[in-house]
Amino acid sequence: MVDPNSQQTVLNVDYSRVGDYLVIELEGEVDVYTAGKLRDAIKEKVEEGEYRIAVNLSKVAFLDSTGLGVLVGGLKRVNPYEGELTIICDNEKILRIFRITGLEKIFTIYPDARDLAGTQAGD
Amino acid sequence: MPSSPRYVSLARLVVSAVARGLDFSEESIDDLKVVVSEMCTNAIIHCEPRREDQRIQLICRPRPGALTVEVKDSGQGFDPSCVGTFEDGLAAGKGFGIPLIRSLVDEFELETDEGKGTVVRITKYDRGTHLPA
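These protein sequence lines are chains A and B, in that order. When we follow this note's numbering, the leftmost residue of the first sequence carries the number 1, and every step to the right adds one. When we follow this note's numbering, the leftmost residue of the second sequence carries the number 124, and every step to the right adds one.
Hints were generated in silico from the structure; no laboratory data involved. Just to be clear, a hint being listed does not mean it is correct.
To be verified - Straight-line distance between alpha carbons at most 25 Å, and here's what the computed SDA-like set of lysine to any residue pairs gives: (1) Lys37/A with Arg129/B; (2) Lys93/A with Ser197/B; (3) Lys59/A with Leu136/B.
Said to hold, decoys possible - Not everything, but these chain A residues come out facing chain B in the computed CB check (under 7 Å): (4) Val13; (5) Ser16; (6) Tyr33.
Just so you know, these numbers come straight off a predicted model, no measurement behind them. Every residue gets a Cβ at the ideal spot worked out from N, C-alpha and C, and that includes glycine.
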């Protein structure tokens, strides 16, 4: 996603809640230029005491290993609190990157945010 | 182009436009976008000393059914034996870039020497194209 004013790749970050999860809603592209926004969002929410976090990649058009590294870093942030960092994504382009890198074995990935509502702590 | 993260998306646009001009499949174009992003990111973040006037070179060499992309930087180079695997990346939580590039392309070359910069060169053949003997 490109900002029409600056012609620069952008990443929009918003928040919602589904059940016990704080959902970080992303829209745009996650690369070395924008990944810091996701990193800061996860860090901020964990510092606020949110340990059950879902990152919604459904509106992410591009994700590379910089983004993957931020997600892995986020998982490491919540782990000491017995928290979770879950992925929401139904975009085959993005899911393929998780499969190729083996990260599909590390993250729980749901196709839809509504799938979070049926989970409870400890699932 | 400038050695700055803000230009990595431009590199993706350029390479995807070249690949589209070669009638590459959408999956191959998606692969190339990831690959070029990784190549440029590595050149930018590992380019030392980091200065505003540093530049990296992106070179596309198209031919029917194949695209070779080269990214050159004039940084300090690195020890290629440090490049890990996906398993190393999973353990460390980072370092997925070069294994990801290798898994998405047909040919991969890395030329680096400490103090002499780095050249990463990949070739992607479009799906359905016969590989040379």
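**Prompt:** Any of the earlier hints contradicted here, and which numbers?
**Reply:** Hints 2, 4, 5 not satisfied by this model.
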